[in-house]
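Colleague: Next come the chains, spelled out residue by residue.
Number of protein chains: 2
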Amino acid sequence: MKTIYNPSKDTWSEILERPTQTFEAIEDTVKNVFKAIKSEGDVAIKKYTKQFDRVELDKLQLTDNEISEAQHLVSEELKEAIQLAKANIEKFHAAQKTDPVQVETTAGVVCWQEKKPIQKVGLYIPGGTAPLFSTILMLAIPANIAGCKEIVLCSPPNTEGKIHPAIVYTGNLCGVTKIFKVGGIQAIAGMTFGTESIPQVYKIFGPGNQFVTVAKQVATQYNVAIDMPAGPSELLVVADDSADAAFVASDLLSQAEHGKDSQVILVTTSKKLATDVAKEIESQLAVLPRRDIAKEAIKNSKLIYVDSDTEALALINEYGPEHFIVCVEDEDFYVSNIENAGSVFIGNYTPESAGDYASGTNHTLPTNGYAKQYSGVHLDSFYKAMTFQKISKSGIQAIGNAIELMAAAEGLEAHKNAVTLRLKSLKNN
Amino acid sequence: MKTIYNPSKDTWSEILERPTQTFEAIEDTVKNVFKAIKSEGDVAIKKYTKQFDRVELDKLQLTDNEISEAQHLVSEELKEAIQLAKANIEKFHAAQKTDPVQVETTAGVVCWQEKKPIQKVGLYIPGGTAPLFSTILMLAIPANIAGCKEIVLCSPPNTEGKIHPAIVYTGNLCGVTKIFKVGGIQAIAGMTFGTESIPQVYKIFGPGNQFVTVAKQVATQYNVAIDMPAGPSELLVVADDSADAAFVASDLLSQAEHGKDSQVILVTTSKKLATDVAKEIESQLAVLPRRDIAKEAIKNSKLIYVDSDTEALALINEYGPEHFIVCVEDEDFYVSNIENAGSVFIGNYTPESAGDYASGTNHTLPTNGYAKQYSGVHLDSFYKAMTFQKISKSGIQAIGNAIELMAAAEGLEAHKNAVTLRLKSLKNN
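From first to last, the protein sequence lines are chains A and B.
Read in order, the letters of the first sequence are residues 715 to 1143 in my numbering.
Read in order, the letters of the second sequence are residues 715 to 1143 in my numbering.
Hints were generated in silico from the structure; no laboratory data involved.
Don't take every hint at face value.
All copies of an identical chain are treated as equivalent in the list; a pair is satisfied when it fits inside any one copy or across any two copies.
[To be verified] 25 Å max Cα-Cα, derived DSS-like pairs, lysine-lysine:
| hint | residue 1 | residue 2 |
| --- | --- | --- |
| 1 | Lys830 | Lys764 |
| 2 | Lys1009 | Lys793 |
| 3 | Lys1104 | Lys761 |
| 4 | Lys1138 | Lys986 |
| 5 | Lys1141 | Lys993 |
| 6 | Lys993 | Lys974 |
| 7 | Lys892 | Lys761 |
| 8 | Lys830 | Lys805 |
| 9 | Lys830 | Lys761 |
| 10 | Lys863 | Lys749 |
| 11 | Lys752 | Lys723 |
| 12 | Lys800 | Lys829 |
| 13 | Lys760 | Lys745 |
| 14 | Lys800 | Lys1104 |
| 15 | Lys805 | Lys1104 |
Owing to the predicted nature of the structure, the values given are computational and were not obtained by experimental measurement.
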């Protein structure tokens, strides 16, 4: 892991550059699958499932039998862990509910804002070696609190035509309305267009490999919204001598094991800590099952020493980390002044994995610098904010002239006329 | 205007089809301009301004002198109208502020959500025949309330190198920090990359022609967010015998004058009203200055008679109109049950142009059916929701085991290890 001392500001963007991804090569594949599924529906889905997942399916939707069968395959202790996580995530997301906002802006002019659930949402959950059932908690729980009517879950089947039982258990527990054994591009295309068995949805959430990422981008061309643009996972830790080097190293590695393109960064005002963390990384890395992945990610990663907290903060805000851990004496300085980060973890006993699983916050977060302008998934991700207004006769008399003047100045006479007609009718009465 | 009686549900999607737009032809032009501005900055901006706007500029940013000069060119009565609108828009958007949400999900596990302003935003305001200064109110006012530090406005200059004075006046009034005489693709590219004079921004808002629409799409490939996907403007009115045919026609026409691809729809349970509105449209249309545009839009538009309110509501929710006017006896039925609409206007004295200008609601709304999944611009459009958490020793002891179990079940041992190390250290103490 490269250590950099006091980098000058004009080198920051180079030092903080993220591993880039280009997906152009697979765009054609994705578009072809979309085309086929748009015109052939389930037939095409089954064809691609055979081709990509190497399994022939009769029925795409999980039956009640399959769901209750899966429940028995999850250990009781894992179920309890999932239930604990669910309770915390529910508490935190339910607290994000807001009341309608109503204002009488002028006497007789009443405006209000109400949030209405997105009626149909789709959740994509990757399968394979790491069955990310935790992501179901993060998506289905707020979807349910918001009141989304249709919550569709797609996840790829294994070669026996089954979905990992923990995925099925968690989906069922969190109020998913339909579960489909469909993965990859074909899942995203299926939810975009709808097929004989898969409902069309209005917004698609969830992580995935490069094919899923491109498929979600393509879906947006067909009037579907997506949770946020994708990018490799990343973590930035700011730490000083009050931090524990072993803990910091374990946090950096927990992010590094996600993928070879993950990026982890330590910013520190302590040279001793930088040295200690580097050593700890070496020793902890050696015994990790996913060390080959983590080792590659560590190559993209940096230990950065800076002289002051002010300098550190500026650099961190410039980077806009997805995950930001604060292990310093003066926590308040960073917590109050952080402008760009997805989620912030404060203190020596707040590992990032707490937020990944069970503390209550959402783990679907903006990466790739998107923390500068995107929120992570939160309750509002499952709502649209709609506005309403009702104007009385005296209300339109109070603001009508202003509307007429402005519409005329913009050259929009029909806009003006809609008010003029009403004002005239009131004069005549 | 075509009248349709009791269409059966399987014909709805055809009847409600929106005029389509395809922009592929101009994508190359847009990408070339982006490339040039990325590498040449202001030089390229000036080159394209000369080419597209037919004016050679020395300086792109408006000077204080130019700003104060413009103030004198706006009539006092228009200024007062703009100030009235500003006051209402401020009241409604300020009321949308939310407090941080804090929850102790488990004893010792404190999670909170705080909204932080997007630091740098860009507003694009078209020029030309209809100077849309009202859009500045809709964008700069909430940007200011949210606390965005840099609020950049770009608008194309005329052949004399000037921006319409109402745009300059409104921008200055609403706290825009810098105004640039740059339009079209070059404005969007300039704000995406930043140039010697134009600051790089994180999110771009505002309407525009097809070049601006494609440029905003391209900008998202360079890590910039945009307010929402674009589409032609649209209005749906539901009305019964309690409605005034002349008012309804004036509202339909106010939307129709926006562009030839605008779409307006009347859904009614009264055959008499359908006939009356059709007649009113003919007579009002004849005297409109923008009748050529409105006439084309009316061709895309429909009067739909249905037997019941239930049927009407289902059809409206299927369409998801940008603007939705409710002029019926039983308003409550529609107001309570509308699921998909950008903004709702209730009663005979609530013309859509009130919301376009001065009632207080925002006029930047989801069109093209996007009301199913997107909010219109509102205060939160200028924030990111960030989460924070702080876990105590007893907190991690309470949830640590659940995290370990879940991480292990997902095959992410380094995630587990970050917790295990901490739990062990607490046992040893």
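Colleague: Confirm or reject each hint.
Modeller: Evaluation of the provided hints:
1. Neither within a single protomer nor between protomers do Lys830 and Lys764 lie at most 25 Å apart by alpha-carbon distance, with minima of 39 Å and 47 Å respectively.
2. Taking the shortest alpha-carbon separations for Lys1009 and Lys793, neither the intra-copy value of 32 Å nor the inter-copy value of 63 Å comes in at or below 25 Å.
3. For the homomeric pair Lys1104 and Lys761, neither the shortest alpha-carbon distance inside one copy (53 Å) nor that between copies (48 Å) is at most 25 Å.
4. Taking CA atoms no more than 25 Å apart as the test, Lys1138 paired with Lys986 passes between copies only; the shortest distance there is 24 Å, against 79 Å inside one copy.
5. In this assembly of identical chains, the alpha carbons of Lys1141 and Lys993 lie at most 25 Å apart only when taken from different copies (24 Å versus 83 Å within one copy).
6. Within a single copy, Lys993 and Lys974 get their C-alpha atoms as close as 20 Å, which meets the 25 Å cut-off; across copies the closest is 67 Å, which misses it.
7. Taking the shortest alpha-carbon separations for Lys892 and Lys761, only the intra-copy value of 21 Å comes in at or below 25 Å, while the best inter-copy value is 55 Å.
8. With identical chains, the CA atoms of Lys830 and Lys805 are at most 25 Å apart both within one copy (20 Å) and between copies (22 Å).
9. For the identical chains of this complex, Lys830 and Lys761 are neighbours neither inside a copy (37 Å) nor across copies (47 Å), given an alpha-carbon limit of 25 Å.
10. Proximity of Lys863 and Lys749 under a CA criterion of 25 Å is satisfied in neither setting, with 28 Å inside one chain copy and 44 Å between copies.
11. Taking CA atoms no more than 25 Å apart as the test, Lys752 paired with Lys723 passes between copies only; the shortest distance there is 21 Å, against 50 Å inside one copy.
12. Proximity of Lys800 and Lys829 under a CA criterion of 25 Å is satisfied in both settings, with 24 Å inside one chain copy and 24 Å between copies.
13. Taking the closest pair of Cα atoms, Lys760 and Lys745 come within 25 Å of each other only inside a single copy of the chain (17 Å); across copies the shortest separation is 38 Å, beyond that limit.
14. For the homomeric pair Lys800 and Lys1104, the shortest alpha-carbon distance between copies (19 Å) is at most 25 Å, but the shortest distance inside one copy (41 Å) is not.
15. In this assembly of identical chains, the alpha carbons of Lys805 and Lys1104 lie at most 25 Å apart only when taken from different copies (16 Å versus 35 Å within one copy).
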